[in-house]
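S.K.: Generate coordinates for the entire structure from the input sequences, incorporating the hints supplied.
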Amino acid sequence: MFAELLQYLFAGLTSGAIYALAGLGFAIIYNASHVINFAQGEFIMIGGMATSMMVAAGLPLPLAIALAVVVTMMVGVALEKFAIEPARNSDVVTIIIITIGASIFLRGLAQVVWDKEFHSLPAFSGETPINVAGATLMPQSIWVVGISVLVIVALWWFFNRTLFGKAMLATSFNRLAAQLMGIGVKKVLMVSFALSALLGAVGGIVVTPITFTNYEAGIMLGLKGFSAAVLGGLGNGLGAIVGGLVVGIAEALASGYLSSAYKDAVAFVIILFVLFFLPNGLFGKKGTDRV
Amino acid sequence: MRSLVKWGVAACAVFAAGTFAGTAQAADTIKIGAFLSVTGPASFLGEPEKKTLEMYVDRLNKDGGVRGKKVELIHYDDAGAPDKAVTFAKRLIQNDNVDIIIGGTTTGTSMAAIKVVEPAGVPFISLAGGIDIIDPVKKWVFKTPHTDRMAAEKVFLDMKKKGISKVAMISEDAGFGKSGHDQSLKVAPIYGIQIVADEVYSPKDPDVTAQLTKIKNTAGVQAVFNFGFGQGPAIVTKNFKQLGMSVPLYQSHGVASKDFIKLAGEAAEGIRLPAAGLVVAEQLGATDPQKPVVTAFKKEYEAAFKSDVSTFAGHAYDGLQIALAAILRAGSTDKEKVRAEIEKTSGYVGTGGLVSMSPEDHMGLSLSAFRMVEVKKGDWVLAD
Amino acid sequence: MSLLKVEGLSKEFGGIHAIEDLSFTINPGTIHSIIGPNGAGKTTLFNLITAVYTPSCGKILFDDKDIAGKKPYELAAMGMSRTFQNLQIFFNMPAIENVMVGHHLHLNRRFLPSFLRLPSVIRKDRECRDYCASLMEFVGLAKYVTADAAQMPYGALKRLEIARALAAKPRLLLLDEPAAGLNATESREIDEVIKKVAQTGVTVVLVEHDMKMVMGISDAILAIDYGRKLAEGTPAEVRANPDVVAAYLGAHA
Amino acid sequence: MWKTARIGGLAALATILALAPLGFPNAYFYDVAVKALFNAVVCVGLNLLIGYAGQISLGHAGFFALGAYGSAILTSTYKVAPLPAMLISAAAVGLLAYLVGRPILKLKGHYLAMATLGIGIIIHIVLKTEARITGGPDGMSVDPFSLMGFTMMGDRMWYWAAAGLLVLTVWLSLNLIDSPVGRALRAVHGSEVGAEVVGVDTSSYKVMVFVVSAVFASLVGSLFAHKDGFITPDIGSFFRSVEFVVMVVLGGMASTFGSVIGAVILTLLPQVLTFVEDYEAMVLGGIMMGMMIFLPKGLLPAVVSQFRKRGAAR
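Residue numbers (full-length UniProt numbering), protein chains in the order written: chain C, 1 to 291; chain P, 1 to 384; chain S, 1 to 253; chain L, 1 to 314.
No lab work stands behind these hints, which were simulated from the structure alone. Yeah, the Cβ is synthetic: ideal placement off N, Cα and C, and Gly gets one too. Certain hints may be false.
[Unchecked claim] Quick list of simulated restraints, FRET-style, between CB atoms: (1) LEU150/C / SER305/L: 47 to 55 Å; (2) GLN306/L / VAL92/C: 23 to 31 Å; (3) ALA304/P / GLY126/C: 31 to 39 Å; (4) PRO119/S / MET152/L: 30 to 38 Å; (5) GLU7/S / ALA170/C: 55 to 63 Å; (6) THR15/L / LYS62/P: 45 to 53 Å; (7) GLY8/S / GLU130/L: 18 to 26 Å; (8) ARG132/L / GLY184/C: 28 to 36 Å; (9) VAL92/C / PRO119/S: 38 to 46 Å; (10) GLU130/L / PRO119/P: 55 to 63 Å; (11) VAL149/C / LEU168/L: 40 to 48 Å.
[As the list claims (entries may be wrong)] In silico lysine-lysine, DSS-like type, Cα no more than 25 Å apart, as pairs: (12) LYS291/P / LYS376/P; (13) LYS79/L / LYS115/P; (14) LYS297/L / LYS186/C; (15) LYS65/S / LYS5/S; (16) LYS79/L / LYS285/C; (17) LYS299/P / LYS116/C; (18) LYS309/L / LYS143/S; (19) LYS70/S / LYS108/L; (20) LYS258/P / LYS291/P; (21) LYS51/P / LYS306/P; (22) LYS229/S / LYS65/S; (23) LYS306/P / LYS116/C; (24) LYS297/L / LYS81/C; (25) LYS166/C / LYS285/C; (26) LYS70/S / LYS297/L; (27) LYS335/P / LYS69/P; (28) LYS166/P / LYS116/C; (29) LYS138/P / LYS79/L; (30) LYS299/P / LYS115/P; (31) LYS285/C / LYS297/L; (32) LYS51/P / LYS62/P; (33) LYS309/L / LYS71/S; (34) LYS116/C / LYS262/P; (35) LYS116/C / LYS335/P; (36) LYS5/S / LYS143/S; (37) LYS71/S / LYS106/L; (38) LYS169/S / LYS195/S; (39) LYS285/C / LYS65/S; (40) LYS115/P / LYS69/P.
M.R.: Take a look at the structure:
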């Protein structure tokens, strides 16, 4: 009984950590620009695809990872520079369509540059399952969870301890005030895209040994990441993590105890219910309209 | 409001220009139309299908075409969407005036296109697995791949031989897996198989250990049967191993390509599945009539594209060969004649097996076309 | 009989009392001003009276009816209308249509007649347009009748809000800093508009910083600070109140 | 101003629709045109919600699919005639939209996007899973549309029906916008609280326009099902919902004719772009980005303002 529950929780934790990483990317860009970047999933895809293609071409894994991260960050910066910045003063919906266009474009690019096959990476530390109280866990899942934790700590440090990170936070609270304080909003925007691209790439790389990747892998991860970020409360990093874990664990428990066909539906029903009672997500700011 | 008119005219002009481009009527060509899911969730089926058609049509033309006529291939990407398939089928028939249609990568797109093809009276060879495509028989519709029902039958036959009677199913909740799942449930009783657990997953799920745990904890499961394609079955396979499940794991013909073994890695060892002779080309007996065909196709495909051949490429190859042979026999591209000749296809040796069609059977494959294979040391091994 | 009666009203935001135990009454046919330093809770008070916020405790009676649980649009139907300190203009619409939205309650609000463009709807709409144009003229916006709201200057938008509020034909009109951000001339013009409005029998409640204006047009004044009542009475009485002088006028001096 | 644009626009639309078939050499063109017009009707309805009332929905394909499946199931399994089946489906979808709309339309911005997306995905999952009723992911056949012994057959007939429907929809939409209700909707977009304090019951209007747009989607879904004769749950997928929104925004938010143009362009593009083959996705994504960067207000408003500028210069 308990072993069963534990196994479901492990399953949920693995998926949840993946969703959380995807959600964090949304949170960072939202914070800096109030833009929802629907191409976030494509960052994840590019990270995973680039790494596995380079490994397949004979590069050692660490080098492939480093190069893939750089490539993804360049894509992120290019996206910001050429698509988001020129439209900075447009409607939210307009920018959303731009990012959707970008995601279609990047998927198209990946399918032309690479291919349409599924690709994998060797697990970082073997494929021997770890047994815990009758339930099993793959070492790669621990990598995913571990990297997530590391990323959260690093982000916390960046936003609370470095000058630039603080400046970015300030921009999210009040763009005008930040501008008056001499913070370059453009630069903040660019760094936020680079950062979330980095996050996406790292996420894409650590999950590829588990979920594999192909040019369309970003669609589902992007969707789940968005759900995680909204459930947690937009712009809240911790919220995105909790949101991702809630979605992942809800799915696993639903397929274990209810119906695997309806597990995604269960996750969305939970999100809807949370939003009915907490219209700004779990940790979102309860803003009262100033009138 | 003039702008509206202007834009309307401009749009129509662009539209017309785009659709007429490249379809200039050449009198002496045989036009083969294809709508395939080259992008979208079934792209790794559609892509090799497209490549195969292109390669062989090219080769054919270099060799002088069919009876001195060039063959023109017109293909569109339906992205796996049935409504797009309908539109492209119409485009092929009405606008491109093709003589025959090959395609429909998925059962959904094929079924949708049938609504257009049947009334228009154009021979149509589908490359999708669903049995609904040819059962009941439709006058103009044929197909080359084995049906999902056959795959299930082959698997259950193998299980029966091994004395397995209680089976857990886990299937993908998208088209291929869902249809395969339904057919499996239908034929299981015939082979004395009892489905004691029945789980599903979505094509892009990162983890299915929850579903497998449920199966693991179901009493009396003697084997697990997974119906799906894409990366899902590889994840199932990995999770299966992770949970230390020891019963035999069967997969469907949907994963019969080297890529699957690459993705699933060591976890794939010992997996059994029904597959066409193509994946075990070299291991076929020397007297096997399929041997020369599949070895040649495999060699040509792999030389041309530097990637492992998949059964899906084979389906397209078979479709093309059957079509061309029928056109040759008919002596013209008269649609009714070609249709009749396709129906008379007999003893064609293809990558999928021996094809003998009849007015009652528009697929013409028998269960013997499937071979049971097992993964051993990272490769497919004939296990019959 | 009082038009508006506030009893023991309080509002907390995360432990901070924006309004605390406030009681007062407003009589019909008067111009009533609420004054207080920045952050005294004036706008919060407006938001409570118009049901944009829900009180933490206390009661608000409009026409002797408790407004608890009522929505702002229901209060509008009862005869209460307001303007905003932070403009709430419909910038996506022409100026006149902003005012026409104000007249919404007096038009056919059902969906089907609008959808089918019944002649009665068209006729009423045409009348409404004329009426709203006259209202714009009334507040001094005659030259903006055909303008888009997005093209109008700040001062004009303030009046546009007044016109919109008037289009609802309120008995109680709450104006939140109508003169804020305006120059002296514009202030005086607003002043005139408010007086004209009051003459038509509409009760006006005003939040305003412009002391000259407040003292000049008010029949009664309520001074608050930190959400609590400091003083209440005629302009002369309030001006003489030492607490008010200390907390508000003093701070400004 | 309004009046001339209204009547002139309607007349222009009707004229274009009447003349367009002159350029259609065969049934395939009619088929594409019908799909464009169907999408246009959905988008005109959706534009009332997104463009005018300022509320996003990423789940409208779900309502479209429910309409399609409602008609399909009622006509095939329960032998209901197509017209009542269509109306029953639309009523049911309207009721559903009302029930879910009441709570979710309290949400704002991205949270509303999330909630509507969730509704759409749940509908999609149900259609996929309840295979006994819906035929599952491989879809189900739908009988042709017939009314009093007369059967809608062929793309030409569908074209005229769709064209008529679009003109009617545009007329209704224009009516609504320029009416007390329409003003209230636009006011909701401008400032919810500003509308509320002058007597606009904003939450009811939001729900109402949500219901109306859902009913439009459902009706078109029913017609689509009868026309194509075969439907799969993927017509209700998240991508289709996004596609509808893109059509509305690309054409120009809060522009009824813009929605029509957006729908037509986005339906035609994939047909026109077949010649770029593997680069189709890149080109399509690039066009979307480019249009939104350079014409952030959408196509039609940009064109109109160009004309106005030129007119003023003259």
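S.K.: Decide if the proposed pair is consistent with the structure: LYS138/P and LYS79/L, CA atoms, cutoff 25 Å inclusive.
M.R.: 24 Å, holds
S.K.: Is it true that the CA of LYS70/S sits at most 25 Å from the CA of LYS297/L?
M.R.: 38 Å, violated
S.K.: Holds or violated: LYS166/C with LYS285/C, Cα cutoff 25 Å?
M.R.: 18 Å, holds
S.K.: Check the hint pairing LYS306/P with LYS116/C against an upper bound of 25 Å on the C-alpha distance.
M.R.: 14 Å, holds
S.K.: Does LYS79/L pair with LYS285/C here, judged by a C-alpha cut-off of 25 Å?
M.R.: Violated, because 52 Å separates the two Cα atoms, which is more than 25 Å.
S.K.: Between LYS299/P and LYS115/P, does the CA-CA distance stay at or below 25 Å?
M.R.: Outside the cut-off at roughly 37 Å; violated.
S.K.: Tell me if the straight-line CA distance from LYS335/P to LYS69/P falls inside 25 Å.
M.R.: 16 Å, holds
S.K.: Does the beta carbon distance between GLU7/S and ALA170/C stay inside 55 to 63 Å, or does it fall outside?
M.R.: Violated - the Cβ-Cβ distance for GLU7/S and ALA170/C, about 43 Å, lies outside 55 to 63 Å.
S.K.: Compare the distance between the alpha carbons of LYS65/S and LYS5/S with 25 Å, and conclude whether the hinted pair is satisfied.
M.R.: 9 Å, holds
S.K.: Mind checking the alpha carbons of LYS309/L and LYS143/S for me, to see if they're no more than 25 Å apart?
M.R.: With Cα atoms ~22 Å apart, LYS309/L and LYS143/S stay inside 25 Å; holds.
S.K.: Holds or violated: LYS70/S and LYS108/L, Cα atoms, limit 25 Å.
M.R.: 22 Å, holds
S.K.: Is it true that the CA of LYS285/C sits at most 25 Å from the CA of LYS65/S?
M.R.: 35 Å, violated
Violated hints, in rising order: 5, 7, 8, 10, 11, 16, 26, 28, 30, 31, 33, 35, 36, 39 and 40; the structure is consistent with all others.
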